[in-house]
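Chain residues, written in single-letter form:
There are 8 protein chains.
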Amino acid sequence: MENNKKYIELDFAKLDMERTKRRGYSEAVFCECKTNEQLLKIFQTFKDNKTNVLGTRANIEQYNYLKEKLPDIKYSEKGRILTLTLQETEKIGEVAVCTGGTGDIPVAEEAALTAEFFGSNVKRYYDIGVSGIHRLFDKIDDINKANVIIAVAGMEGALASIIAGMATSHVIAVPTSIGYGASFKGLSALLTMLNSCAEGISVVNIDNGFNAGYSANQINRQIAGKK
Amino acid sequence: MENNKKYIELDFAKLDMERTKRRGYSEAVFCECKTNEQLLKIFQTFKDNKTNVLGTRANIEQYNYLKEKLPDIKYSEKGRILTLTLQETEKIGEVAVCTGGTGDIPVAEEAALTAEFFGSNVKRYYDIGVSGIHRLFDKIDDINKANVIIAVAGMEGALASIIAGMATSHVIAVPTSIGYGASFKGLSALLTMLNSCAEGISVVNIDNGFNAGYSANQINRQIAGKK
Amino acid sequence: MENNKKYIELDFAKLDMERTKRRGYSEAVFCECKTNEQLLKIFQTFKDNKTNVLGTRANIEQYNYLKEKLPDIKYSEKGRILTLTLQETEKIGEVAVCTGGTGDIPVAEEAALTAEFFGSNVKRYYDIGVSGIHRLFDKIDDINKANVIIAVAGMEGALASIIAGMATSHVIAVPTSIGYGASFKGLSALLTMLNSCAEGISVVNIDNGFNAGYSANQINRQIAGKK
Amino acid sequence: MENNKKYIELDFAKLDMERTKRRGYSEAVFCECKTNEQLLKIFQTFKDNKTNVLGTRANIEQYNYLKEKLPDIKYSEKGRILTLTLQETEKIGEVAVCTGGTGDIPVAEEAALTAEFFGSNVKRYYDIGVSGIHRLFDKIDDINKANVIIAVAGMEGALASIIAGMATSHVIAVPTSIGYGASFKGLSALLTMLNSCAEGISVVNIDNGFNAGYSANQINRQIAGKK
Amino acid sequence: MENNKKYIELDFAKLDMERTKRRGYSEAVFCECKTNEQLLKIFQTFKDNKTNVLGTRANIEQYNYLKEKLPDIKYSEKGRILTLTLQETEKIGEVAVCTGGTGDIPVAEEAALTAEFFGSNVKRYYDIGVSGIHRLFDKIDDINKANVIIAVAGMEGALASIIAGMATSHVIAVPTSIGYGASFKGLSALLTMLNSCAEGISVVNIDNGFNAGYSANQINRQIAGKK
Amino acid sequence: MENNKKYIELDFAKLDMERTKRRGYSEAVFCECKTNEQLLKIFQTFKDNKTNVLGTRANIEQYNYLKEKLPDIKYSEKGRILTLTLQETEKIGEVAVCTGGTGDIPVAEEAALTAEFFGSNVKRYYDIGVSGIHRLFDKIDDINKANVIIAVAGMEGALASIIAGMATSHVIAVPTSIGYGASFKGLSALLTMLNSCAEGISVVNIDNGFNAGYSANQINRQIAGKK
Amino acid sequence: MENNKKYIELDFAKLDMERTKRRGYSEAVFCECKTNEQLLKIFQTFKDNKTNVLGTRANIEQYNYLKEKLPDIKYSEKGRILTLTLQETEKIGEVAVCTGGTGDIPVAEEAALTAEFFGSNVKRYYDIGVSGIHRLFDKIDDINKANVIIAVAGMEGALASIIAGMATSHVIAVPTSIGYGASFKGLSALLTMLNSCAEGISVVNIDNGFNAGYSANQINRQIAGKK
Amino acid sequence: MENNKKYIELDFAKLDMERTKRRGYSEAVFCECKTNEQLLKIFQTFKDNKTNVLGTRANIEQYNYLKEKLPDIKYSEKGRILTLTLQETEKIGEVAVCTGGTGDIPVAEEAALTAEFFGSNVKRYYDIGVSGIHRLFDKIDDINKANVIIAVAGMEGALASIIAGMATSHVIAVPTSIGYGASFKGLSALLTMLNSCAEGISVVNIDNGFNAGYSANQINRQIAGKK
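Protein chains in written order, with our numbering: chain A, 1 to 227; chain B, 1 to 227; chain C, 1 to 227; chain D, 1 to 227; chain E, 1 to 227; chain F, 1 to 227; chain G, 1 to 227; chain H, 1 to 227.
No lab work stands behind these hints: they were computed from the structure.
Here are the simulated lysine-lysine pairs, DSS-like style, with alpha carbons at most 25 angstroms apart:
1. C:Lys41 to A:Lys139
2. D:Lys47 to D:Lys69
3. D:Lys145 to D:Lys91
4. C:Lys139 to E:Lys5
Small disclaimer: the values here were computed from a predicted structure and weren't measured.
Could you put together the complete structure from these sequences and hints?
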């Protein structure tokens, strides 16, 4: 296991050590289907290589196990995010994260914490969905100050379209699995967002706050001038 | 073929002559998969029995064939509606018919003409979709004067939710097959409308302007008749 | 946190205080994905603002937690409905709530309790599905006295079509997720209801008794003359 | 090409000459994706072997081509059925064929002609769908005289459930692709029929009148005593 | 609660007391979504009215509760079937029940027990699926002695086609939810069976052994009784 | 019809005259379901108001009709794009447009022409799909110079993931309906792109080159304008 | 345009000139969405580089256009295959191509011609589907002599399972879009084949005879070359 | 229960004793829906008949129960595989098993252990997915030494296409259910793999490592010459 390789081989994983060089940002780890032991090896390896690392879809048990050995690891239960920060990234620019309802907040937090981790200032606008649209109108001027807007919504997912119809910056839409019946676990919101009649909107996978936060940060930092 | 039966048997159809008595309104005929000869027999029979009749999804060829024998039949190409009116129904109350875009107008006309045929005043508000939402806000006070609101939209179908979030009257949502790709011929708009986070909204089949117009008239006349 | 604002901002929600003025009826809260603490803050805020509030899809644990602090809150386990009534609404008109089977009763109760909460008299007709259609025929004259009819059914969902074919009032159809195999959690009943060959029928989301009850009450009260 | 083999090999097909011995009834040919030349060879071979043969989903051009060479071939345009009868089968028992609407008649005729070809008496009950349910009730006692009932319906497909709820004989349900929007080319009717809450009903493929007619005849003849 | 009514009204159900007269066989109860108390009332009422009754999809807890009060109730855990038999029905004719694999046995038992309860002799042929097709060929002559054949299979569901291609009697196919991945909980087997290129086969809902058993018995008794 | 309104009302459409002010770019017109007469009125109105306008999914007949009256209108048959440019927008920054195969070029051209119309320099990289991945590697350094990358691909749609795994800039993925069988008209490529295991990628509707081009331009100009 | 590059750049395509070196076989061209001019340039370029090339899904018009300029091009209308053979490949080993019915022959021919083009002997076994399973049993010993077996079937697609249950060599299953109704354009056959309870079977895309033929040849030649 | 039969009948299963003779390899048992008692009888019977047997999708409880009675049974928890080896099979040739990520390893192990059990040497290449494609390029020359390549991947499943585009040997692709949202439990990866634009690739059911391992071994051993 050498330090100066492009990636480091564990028996169950190959850790990308050139991600920052190649793509601009360090690697993230999908924790959901990994064992405690696998996660510890992964985080320890990144720490040994002095590389920041983010873990997504982590549960509290995983965090409790890891913090014993890696006391500087941090966890947000709301966003199910683990972070191990060895060197701080300066936060620049601005990303707005909006949700349709209260139930969408965990996915929104995953997006917000990811964007912050990789170097963006984030403003949160929660529960501004279309059933009480005046709540959205009160905030739209503030939202429009951001370089990128993330719109997180389940059920019918109309929030993203409404915001895009009034925004100058690009909107990244995140459908969530909140809802029941014919929401089909986020399919309804996904289709709504893909078929938006407003332009300037693109979509990520259902509940994928991480990719939304990563993409928003990537665009925001290019705009803010630190590319 | 007797006049005083509950229905009249043709060899390919049984015409309901008690529809008005039983349900309040006369029968309607789905023209799409019927031959010219079948349609002529059906309309002639209703005429002989002095019963108004509405034909939906009729094409111009069917109309041209029928008007030779039944010169008092009327046709709207935009709404693909045939009407044979033997005794006028007084129009009362008010139904609002709204569309998201220009492409939704044929379905909206089917709804509007149906509601008018069965006895409602109708106001049309076309192309007020969410990509330019100020167009909708300019009209919402007028729309709110109606006893029932029909919202017709394809693509992402968010129009119905937005109107319902601001309306006091019930909204009947009609998804249309306008769109492409992941609109899946109206499925996207249908799911959006079913999952609306605004309450006071119900949905009919994709492109089913007829049922929306029938239902809106049915409700409107009950309301208008009691005032 | 001021009383005379359009909405009140909690850190996780924005409570709509103008819903009654704007739409005629006060707000309802979707309890399923909220914590006990969130629900308490929401109900307490509405109480402080002397506004009635309805909670849907609440479980018994949520109720037990809330009634400690809000002893006047009421709960129906059958309909999973929480109600906090600060000023009674007079019940007028009549809504009929029908089910195909015994398994559909929880959704029907959600609809019935919602319609009652917002001001409608409700009559219940349970287990009158099409496998024993004489049970329905015995009741149809009574059902037809209502201003609006709610038809709740799972499996093949034919109940709504049959009632609509014999009814003068509008039918709001609620597909339920009762069934197995190719019922696909309510999809079968949903499609049946959308494709009804009887007109005068509209559909809400699978298991969405709340929206059916809200919509039926909205229409019933307009007809009954208290708009 | 020998006569006394179990099947006869053409270069594009292997014709089953033992079908009657093995299964009780001679082979049927699916014409839709065959060329005129292929069909001629197939029908000629059966004729040469003195075996009755039925062709399904045949169009008028195919018939016109074949009757030149095989003048005793018969065609029903309504049911798209070709028949070449070399020895008559006595018709026994009774099969009832019912449709929900006029548009379902082609599929019903395919079923009826198939059952007649293979040896059943058939009675037709067309356009007795649930939007005017009294038409069905007038006929139910007659329908119940049949040994097997075929129920053909598109759109919501509720006809089969209603009949099964009142029938003593088995109901074979045939969903049709009649309808639009969320009928999804027969999927809605198919799901309705599969989820029927009435028992004593089984389902064949969308628009598959042939299999329904074959199956009904197979059961009817066993009951009528000629197994 | 009177004995000589067409049905008996409980507050949550209406029990059909004319089912035998109208349809030939007594009612069956879907136990899955009913409480112990509801089931007890239902079974007690049928007992009081001296009517046999069958319960489907019952679990062992429901049985344990019921047998306290109704000691003559019987339960098959394998088929999840409750039976309360007040007057025996003579078993006549023969129904064959076949499965593709061992995992399909619970659904097959539901079918077999239902057919026996309503009056058929049943022979079982289990684990004769197409991966070892010689097992099927050894049994086909015996299977062919039955008046009706039930074919139960999950995964690719080819068993029903193979049997139908060799059978003289009608085949009722039951897709099961056994399998994983692209079996989509029985959808794969359902589609296979609906699209069978062998004729003389009809299909019931996924896992619906009850309807298969009911239908097979209905047909078998007509054949055996020569009604 | 006044010039200084927020939008101009035609009888079938409401033309947004503040789009540039509100969102930064002028309106675009979806030509597919509009008549020649409707399109002429729309383009004429924009011309009268000295506003650039883009038409998408236009066919050659529509162009031929329009150029008679509006000789300065331009058309790209490959991209099905109409443009009416009254004041040129300076092109800045750089957008890369890549395709997997030759069949994806029409959608790619729609994206490229849209980005150019609204003010971006565009570089095209066509037929660099994953079946011959060395073609992509030869180009990746050039592609990486762009501020935004559009990846257009049908069939399995893997192109977007591969590029995103090697890119520093954001990738907008456009699934196309190219393919057959289980590509389900673009669904396969859409799902692939949504589930990309590379981050920094977002997705638009199937075949929606317009929205991809609009979004890429929107982001590119923000980046280029700040450098 | 140089000859010694890894690929040759046309303006609309990049032709892979190292395919044979890298993968063992030369490139194939998907003709369906290419213009005559594009195809001519592609085939001419391969000819100029003395490289064999295969075209799939070509229609007769494309062939007629190409043969004017490239008289040595060959076409099979049945398999929609164009071949330009500049140096013959010796045919070795054996591949068996089987179909369920006559309608599956075009896809089977695409597979057979592809395998022959790339160097395999092919034996054809057509119309041996499961509705007359003795036809298959007569041939199974011959089929088993092949190194690889291709099973092509639409509708319920059971052929592949049956063959795999009796074969020693690997079976490549090709679902076809032959069928109607719930065959959903090949989806039914695809799912059947994926869920086969026989092992030793793998599946390609619906109607993808080309990939089946390519894969069978690839495996067959490895086997034949080592014997 | 005799030893020299083609299969042995238990009351719930018929064990295939000629599988090796007929197909070349002994039977495998799908453990997921079998009871401990059923599994014991099955494994004991194979042992008594001196036949190797493999169990798939077995859990640790099943293993613990069986090893009491059959101490020579072996279990891999990672691959959920039980093996009872009575006579060793010499391992020949080479199969490569690759995964996109760490979460795909259980399915890959099922494939690898199956191929080893039936007689192949296996090399494992794990976590070489497309988000860090240089990891794959480092290994491709080694992978290409195998006679057959198994590519296991969830989420977007692009790994199989990438490998096939660079491989000379056949690729068997295994989609896994790893992922969330629009991965729809493996559907996304399945469609990607079926639509691969690289040829020389075939696909097995979602998560079906067993069939992939069996098929790879079957092909590998034919190539390696010990068929």
